[in-house]
Amino acid sequence: MASQIHFLDIKGKPLLSRDYKGDIPSNTIEKFPLLLLDLEDENSADYKPFINHQGINYIFILHNNLYLCGLTKKNENIMTIIIFLSKLITVLTEYFKSLEEESIRDNFVIIYELLDEMMDFGIPQTTDTKILKEYITQDYYKLIKKSHDHLVQPPNALTNSISWRKDNIFYKKNEAFLDVIESINMLINANGQILNSEILGEIKIKSHLSGMPDLRLGLNDKGIFTSNNNTSTPISNNNNPGTDESNGKNIELEDIKFHQCVRLSKFENERIITFIPPDGEFSLMSYRLSSTQFLMKPLILVNCKTKVHKHSRIEILCSARAQIKKKSTATSVEIIIPIPEDADTPKLTPEYGSVKWIPEKSCLIWTLKSFAGGKQYHMRAELGLPAVNDTENLISKKPIKVKFSIPYFTTSGIQVRYLRITEPKLQYQSYPWVRYITQSGEDYTIRMK
Amino acid sequence: MSDGKLFVKSKSSEIKVELDQALKKSKPHAKVKIVLKKLVANVILNNTEIVNLLPDIIKLLKFDDLEIRKLSSHFIISYAPQNPTLAKEAVPYYKRFLEDASPNLRSLSIRTLSTVPIKEYQDVAFGAVTHLLDDNDINVKKTAIYSVSRLFQHNPHKATKLNLIGSLNELLYDHHQVIVSNTLAALNSITENNKELSLTIDKAHSMALISHLTVANEWCQVYILNSLMSYVPQTSDEALELIEACLPSLQHENSSVVLNAIKVIIYFCNYVKNPQLVIPTLPNRLGGSLVSLLAKPSEIQFLVLRNIILLLLGRKNLLNLEVEMFFCKYDDPIYVKDTKLEIIYLLANAHNIHAVIRELEEYATEVDVSMARKAIRAFGNLAVKLSGAAEQCVEVLCDLVGNGIPYIVQESTTYPGRFEFAVESLLEQYTLIDEPDAKTSFIWIVGQYCNDHERSLKILDDLSTNFKEEPVEVQYSLLTAVTKLYLKYPTGGEALMLKVLKWATEEVDNPDIRDRAYIYWRLLSSGSGSNGDFQEESKQIILNPNPSISSENDNIDPKILEELELNIGSLASIYLKPVQHVFRLSKRKVLVPSPALQPRPIQASVSEEDDVIDNNSHTPVIAPRVSNSNHTAATRNPSTLSSRNSIISGQKSFDSASSGTDDKREGFTKRLSRRASLITNKLSKT
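For the record, the sequence lines run as chains Y and B. Per my numbering, the first sequence runs over residues 57 to 505. Per my numbering, the second sequence runs over residues 80 to 765.
Rather than coming from a laboratory, the hints here were simulated on the basis of the structure. One or more hints might be untrue.
[What the hints assert, rightly or not] 35 Å max Cα-Cα, derived DSBU-like pairs, lysine-lysine:
hint	chain 1	residue 1	chain 2	residue 2
1	B	K167	B	K237
2	B	K240	Y	K143
3	B	K240	Y	K77
Being a predicted model, the structure only gives us computed values, none of them experimental.
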C-alpha cells in the first residue's frame, strides 16, 4: 500500500520518514514543499489532500501544523492509507499527549519502533494504542532487563483470538460506566427554519471489570433499533418508479457503527449487542439519526437582527429561546455572533448572562451558564465602525454558532434498559452506571441574513 | 529522558570517538544506545557522511541486547546500499539470529535480510524464508509473510522459481485468522504487480474467510473483505448470501472497513438482478453508511464524497441519499464544498428542486467568489437538466443579476437560456462586464436576442470601441453580433458592421479573425444582389435558431464506470478517470462473467457525466459548451461556402458557444475538435 510515510513540517520539510517498500526514490519527498507551494500559488481552491506528480501520488493530512504524507506509485486503496494516517495521529497523540514538531524530535526512536509495529511492507497491522502500549513504551527496554530471560514478548493480545483484551485483568470493585452522548448538528436559516439536522450519538464505556467478561447491552428499541421494513408511505425519491419501496423518504437512517469488540453478525441476525469489552475507556458504538422526527424545532433558537449604520456603528439585537422541556436546563450555553472585523468600542447589554467581545476572532460570545427550558432572553450590543471603510461589499456571511449541553436528556429518546455482565469463571458482582447528555455538535449554526 | 537533545547533526569522527569511549566502559550498553540514537537522528537528518561508521556499527550486533541490535539494524538498512562490500560483514550475524531462540530476533533478522537490496542478504533471506513461514511464533510468521512480498519485489523471478507463492497459498488454510488475513494482504500486493498471477478463491473458502471477519482486527477485516473480490459468484443466490455476509461490516467503526465493504457489496450486486428489490433495505444501508462517514475530517470526507459521485453516476438505485446532507457548512474547505456542490447537482430532482435552488441561491451570494461562481454555474446546469425547473432557475438568476454584483453578472451571462425575459435585466447591468468569457456570452446574447435595435446598436458600438485590443474570442463574437444586427436592422447597423469588418480584415493580425470577416463580407456582398429578398441567404446562414441544449450528453462509458466501481476507495476513485490513464502499468480489473452476471442497469440519465470524467477537476459542474477554437477548423476549410448545410451546423455549435474558464476547457476542446474534424471530414467528402 503506502511505500513511504513521512512527517513534515508546515512548509513541507521532512521531519521523519520511514520507507516500507523501497520502490520510490528516497529523495522524492523533497518535491513536496514545491508541490504545496504550487497548490497555494495557483488558487486556494485547488488545494486537495491528494497530489499526483510524475507518477507519484502524495496522500496527506494536516494536523497541528504537521503534514503526514504517504507516497505510493500504484492505484492503491487510499481509503485505507488515509485512515491509517489518521489513526497514526491518534496513536502518537495518545503516546505523547500532543503530536507536533517538537514531540516528534523528542521521541524519534520510539516513533520508529511504533512505525515498525503498526505497518509492515506498507500494509497496516495494528493501530490500537492500548495494545501497542503494552509492549512499546519509553520504558520497554527497562522491562527487558528486569525479566530474567531477556525476552519480553509482544502481548498475547496481538495474536489472541480476542485481540483487544489481555488475560488476567483484575479489579477489586467491578464497575462499568456508560455515557450516552448525543451531539446535535443543525443548520438553521435566518428565519428559524431547520435546513438540515442530525443527531450523532455515541455510547462510551469505561470498563473496570476483571477477567474476560461477556457483556450484553439492552436498549429500548423504540423504533430506532427495529431497522427493517419501515416502508410506510413511500414517497418516490427518484426517477425509477420500480424502487419506490426502498426509496421511501421517511425511513429512518439508522446507521450504527460498533467498536470492533461487538459481534456484528450477532447484531445483524438477532439485533442483540454482545461483546467482550477492552479494558478502560472506549467508544462502544456510534449512531446517526436524521433528526426530523425528533427535532421539530431548534433546541436553542437564536434570532439576531443587525442594523448597520454605515461609517458609524452597528447595532445587534439578539434573542435566544430554550425550546426544551420546562424541567430540563441547558448548561454552559455559548452563542457566538460574528461581527465586522473592524468594529470596535462595544457597548454590551445582556438581559441575562455575560457578553464578551473577542476582537481577534471578530465575534461576540454571549454566555449563559444555565438556561432553563421555555425561557427567552435578549441581548443588545452596539459597536462602532470606522468612518473610512472600503470593504462595504464584503457582507460577511459567517453564521452564528451555538454551543450547549443538556444533561440527563437524550433527544432521540434512546435508553439503556440493561447491561448484563457475566464472567463465567469469576462470577463476581458488578455495577453498571449510566449517564445521558445532549450537546451541540460541531455544527450547530444559524445563518445570518 | 527526552531524546530531543540527541537530535543534532554530528560528524562521523565525533561519533566514532564517542562510541570508542562508550565501548571502553565495563557496562557499555547505556552509552552505546545513546550513540546509536544519535546515529539514527543523523539518518533522519540525511547525513550521508556517517556511512563511514558502518563497520563499527556491524560489530555492535554482537551485543546481546535487542535495542542495540534494532537500532544498529536500522542504521544498516539505511546505509548498506551505499557500501555493499562492507555491509556484507553483517550477514553472518543475521544468519545466526535466524536460529535464535528469541522470536524478536528471528523477526528482526528476516526483516532486515529481506529489506536490504544486496545479493548476499537476499540469498540468505530466500534460503530461510520458507522455513520461517512455518515458525511456531505468530509474529515471526507474520514478518516472514511480508518478507516474501519484499523478496518478490526485489527478485520476482527467483521468488517464483522457489515457489514462494505456493508456500503462501498453504498459509491461507492456517487456523489463525491473523495469518490468513495477512497472507491475503501479501498475496494481493504480489498479484497486483504481476500480470501472470491472480488470486482466485472458491465458494467454501470465501465463506470460511467471512467467518474470520468477526474476530479479526480492523485492518485484517479490510484484507479479508478485499480478497472476496476474487470470488466470482456462479448464481444470484450465492451473490446474495455474500452480500448479506458483508452487511455487518458496514457498521464497523473504522471507515476503511466500511468503504471496502461497500465496494465488495457493489461488486456482488453485479451478480444479482435488481438487488435493491431483493434486499429492500440495501439502498438505505449503503446511503446511511456513506453519510455517516461524512462526520470525519475533511480529507476523508473528500474521499467519501468522490466515491459518492462515482456511485451516483452508475448505481443510483442502490443508494438512498438525501440532498440536505450535502449542504455545505460554512467552514468546509473549498474542495469539500466543490464536491458537495456536484453531488447536490446530481441529486437534484423534481422533488427537492425547491430546497436545492434555495440553497444554491445562498451560495451564490457567498463572500467567496469562486464558490459563488460555481453555484451560479450549477444553476445553469440545473436548468438544462430539469427542464421543469428551468424557469425557476432563470428567475433566481435574474434576481441575482439585479443585485449588480459584478461576478454574479459575469457568471450568469454564461447561461443564456431559452428565456428572453432574462435579457432585459442583463442589459441593465452590462457596464459591469469586463471578463472576456462573460463579454463573449453577453455580446452573443445581444446579437441573438435583442429586438430593441437602437439599444443594441448603442451597446455594440460601445463594446466595439476597443475591438483591436480585445481577446480573440471577444472579437469573434463581436464580428458575428454586428453582422446579425445588420441583417436585422440594415439601416442603422450598416455603419457599425462596416467599421468592424474593416478593422477585422485590415488591422487584425489573427488570420482566423480575418478569414471569418472575409467570409461574412463576401456572403453579404454576394447576397444583396440576389432575388429581391434582402440578404436571404446570408440570413439563413448567419441568423439561426438556438439549438436546444440537451442534458443527454454522451454518458460515461459503462465500461469505465464498471472498472471504477471495482476500484472504490482507490486513487482512481478520486481522480475519477479510467484507471489506465493514471496508472499505466496497473492491472485492469473487469467483471468476470458467470451465469449470474447481470447486464448493467441503465441509469436514468444524469447530464455531464463525461464532464466529470474529462476534467478530473473538482468543478465538473460546467455546462455542456462548445469552445470557440473549433470553429476555426470549420471555417478555414476552403469548401465552406459551397457546402452551406455543413457550415450551418458548424455555425450552430459555434453560436451556442459560451466559452468556459480556460484551464478547464481542455477536455471539451478535445471532444470538440473531434466533432469539428468530423465536420471537416464531411465537408471534404462533399
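35 Å limit on alpha-carbon distance, applied to hinted pair B/K240 and Y/K143
violated, 39 Å
Would you mind confirming whether the straight-line C-alpha gap from B/K167 to B/K237 stays at or under 35 Å?
Holds: B/K167 and B/K237 sit about 21 Å apart, inside 35 Å.
Pair hint B/K240 and Y/K77, alpha-carbon separation not exceeding 35 Å:
Distance ~22 Å between B/K240 and Y/K77 Cα, so the pair holds.
The earlier numbered hint that this structure contradicts is number 2, and it is the only one.
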